[in-house]
Amino acid sequence: MNQTPPNLLKKILITTVVALMFFLVTVLLGISIGSSGKTLFSVFEWLAGKGDADPMLHTIIWQIRLPRVLLAAMVGASLSMGGLVFQALLRNPLAEPYILGISGGAAIGAIIGILLGLARFPGVTLFAFVGSCATLALLLMMTSGSTILRKDSLLLSGVMVNAFCSALIMFLVSITQDARLHNIIFWLMGDLGMVGMGQTGILAGILLPCFIVFFLLSNTLNLMVMGKESALAMGINVQVMNIILLVSTSIMISASVSYSGLIGFVGLVMPHLLRLVLGSDHRVLVPACIFGGGGYMVLCDLLARALPRQGEMPAGVVTALIGASLFIYLLKRAK
Amino acid sequence: MQAAIEARHLEYTYGRELVLNDISFAVSKGDFFIIIGPNGSGKTTLLKLLSGIFKSLAGSLAIDGQPLQSYSRKMLARTIAYVPQMIQTDFPFTVREVVLMGRSPHLGVLGLEGVKDRDLAEEAMGFTEVAHLAKRKLNELSGGECQRVYIARAICQQTGIILLDEPTASLDLAHQVRIMDLMEKLQKERKITVVMVSHDVNLAAMYGSRVLLLKEGRLLNLGLPQEVMTFESLEDAYGCRLLVDASPIGSFPRITLVPERYMKPESTV
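Chains A and B, in that order, are what the protein sequence lines are.
This note's numbering puts the first residue of the first sequence at 1, with every later residue one more than the last.
This note's numbering puts the first residue of the second sequence at 1, with every later residue one more than the last.
Worth flagging that the hints you see were computed from the coordinates, not collected in a lab.
Be aware that a few hints might be false.
What the hints assert, rightly or not - With a Cα cut of at most 16 Å, we get these calculated EDC-like pairs of lysine to aspartate or glutamate:
1) K332(A) to E97(B)
2) K135(B) to E97(B)
3) K74(B) to E229(A)
4) K11(A) to E97(B)
5) K228(A) to E227(B)
6) K55(B) to E312(A)
Said to hold, decoys possible - One side only, chain B facing chain A, incomplete, derived with CB under 7 Å:
7) R73
8) Y82
9) P84
10) F91
11) S104
12) L112
Virtual Cβ for every residue (Gly too), placed ideally from N, Cα, C.
Turn these sequences into a full structure, and let the hints guide you.
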């Protein structure tokens with residue numbers, strides 16, 4: 001043999017390190033830029049431990065910028081992973097938690113939780129989980145059997161589930177008239193600026209086990225992408241794996257949605273970009289998607305904060321602008 | 001000698017329809033066993049029962065002398081390889097990645113392959129003549145090339161039995177004979193038991209060491225090609241006029257379709 005086949009373990013490690021470095025750079029940018037005018041240089045000083053000069057900076061970074069950046073990162077990572085897993089399980093490269101209506105279902109649950117006056121965790125998150133599971137069940141029922149392989153029917157079902165969710169959300173918003181209304185609307189649009197460090201810790205605690213599950217099942221995802229029968233014949237217990245993967249994805253998406261609101265199309269961008277560069281092996285894609293998706297979301301949030309001259313816009317606006325364009329392009333190319 | 005596969009009174013229904021009814025047969029080790037029958041006779045369903053993808057609703061099935069229920073999914077995947085008809089996927093794995101997937105029943109949860117596994121994959125790709133395609137994406141290949149990749153994956157699985165679901169369907173003549181020769185080589189050189197579903201009676205007659213003929217979910221005939229493929233049983237199964245004679249190139253039957261215009265001498269054509 002004149003060429004040695006590439007070593008997989010090495011490829012996983014290299015891509016993970018590169019994705020991690022990209023991620024760290026975006027985090028650094030994220031905590032360096034903001035409305036207070038504190039710049040990259042002063043943040044470096046702060047990082048180097050020369051923080052004695054400016055206690056203001058310490059407060060700004062620790063209480064405002066860092067929680068926001070970490071939340072963006074976790075939401076980006078989980079939505080990207082959600083896209084990756086749904087695309088593999090439904091064997092449809094256009095599947096994504098927002099497009100399929102899963103995020104919408106979680107949002108309905110979360111709004112009900114907010115209206116009932118529950119705490120973000122565990123109350124709202126739990127309601128969001130129930131909501132996402134309900135829409136997932138609805139979607140799977142609509143596309144069960146042989147039709148699930150047909151792209152159009154799955155996407156169409158997703159659009160319908162999404163439309164139904166939007167209507168319910170509008171209904172819930174319209175019957176709310178007190179001060180909670182503004183909060184709900186801003187949260188719905190995908191606002192990342194409302195959490196502290198404690199809450200990001202809770203979210204991390206929910207997401208981390210899900211990420212570990214996905215990495216452990218990444219080779220199973222490879223086999224399942226080749227079709228149910230093929231996976232069965234390779235020794236995979238497809239039914240059990242389906243349930244584990246769908247439930248973990250629902251937990252992950254609903255936790256993210258209950259903290260960040262509806263941020264769409266994130267699950268489309270990173271998986272596609274990474275597949276283009278790295279190929280289809282999920283053992284490489286899962287870690288790359290976690291860090292890459294996190295970094296992508298931090299950048300989107302940065303744009304949302306930096307672009308408007310006054311105030312800021314929700315990060316969901318930026319992700320939708322980028323992601324929806326990509327979706328249209330992919331849909332056109334598929335035909 | 002112990003049979004590779006021993007099926008007794010297998011039965012399967014889709015909804016209310018009885019697709020397979022009381023099927024009993026044995027496949028000896030090293031057989032080239034071909035299942036034939038008209039569309040809807042239950043060929044593919046039978047193959048899926050043998051592979052453990054479907055579960056028989058009655059009767060019993062033993063693989064290498066052990067009942068099927070005693071196998072875990074992973075153990076079964078180390079004993080039987082299944083080559084599906086066509087894998088449609090929008091996820092472009094490379095040929096090497098697909099062939100390496102065949103190692104996963106032998107590996108841990110992440111399926112991280114070692115040097116030995118990679119050598120096995122290269123060897124399997126060489127055997128089915130797809131080594132030059134190793135870096136190509138699966139969705140760029142022709143139907144015949146895809147089949148050879150799946151067969152390489154099955155070889156990589158290192159099982160004693162390989163099941164194939166109409167591997168020659170939609171292939172042109174050159175690719176058909178290439179796939180069949182390849183399977184014969186596997187059976188003869190590596191003593192692998194091959195079980196194949198085929199819609200092509202002539203290929204079945206040419207290559208099969210034993211042939212099973214199905215009709216409407218029932219076993220119509222079972223045995224050597226020349227025993228099973230008589231014009232009576234073939235006409236009964238397929239419901240059309242056939243001419244069966246000896247092949248000019250070997251000791252197996254040759255089946256010729258008879259068009260309607262040749263049936264009645266007084267016909268006007």
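For each hint, the structure was consulted:
Under the criterion of a C-alpha separation no larger than 16 Å, the hint pairing K332(A) with E97(B) is inconsistent with the structure, at around 28 Å. Proximity of K135(B) to E97(B) is assessed by CA-CA distance (about 9 Å); at most 16 Å being required, the pair is judged to hold. At most 16 Å may separate the alpha-carbon atoms for a hinted pair to count; K74(B) and E229(A) meet this at roughly 14 Å. At most 16 Å may separate the alpha-carbon atoms for a hinted pair to count; K11(A) and E97(B) meet this at roughly 13 Å.
Straight-line distance between C-alpha atoms of K228(A) and E227(B) comes to about 37 Å, which puts the hinted pair past the 16 Å bound. Among the hinted pairs, K55(B) with E312(A) is inconsistent with the structure: their alpha-carbon atoms are about 59 Å apart, more than 16 Å. About 5 Å separates the beta-carbon of R73(B) from the nearest beta-carbon of chain A, less than 7 Å, and the hint is met. Satisfaction of the interface hint for Y82(B) is found here, the shortest Cβ-Cβ separation to chain A being roughly 4 Å, below the 7 Å cut-off.
Contact between P84(B) and chain A, as hinted, is supported at the beta carbon level, the nearest pair being about 5 Å apart and thus within 7 Å. Interface restraint check for F91(B): the shortest CB-CB distance to chain A comes to about 4 Å, inside 7 Å, so the restraint holds. A cut of 7 Å between beta carbons decides the hint on S104(B): the least distance to chain A is about 6 Å, and the hint holds. Checking L112(B) against chain A: minimum C-beta separation of about 6 Å stays under 7 Å; hint holds.
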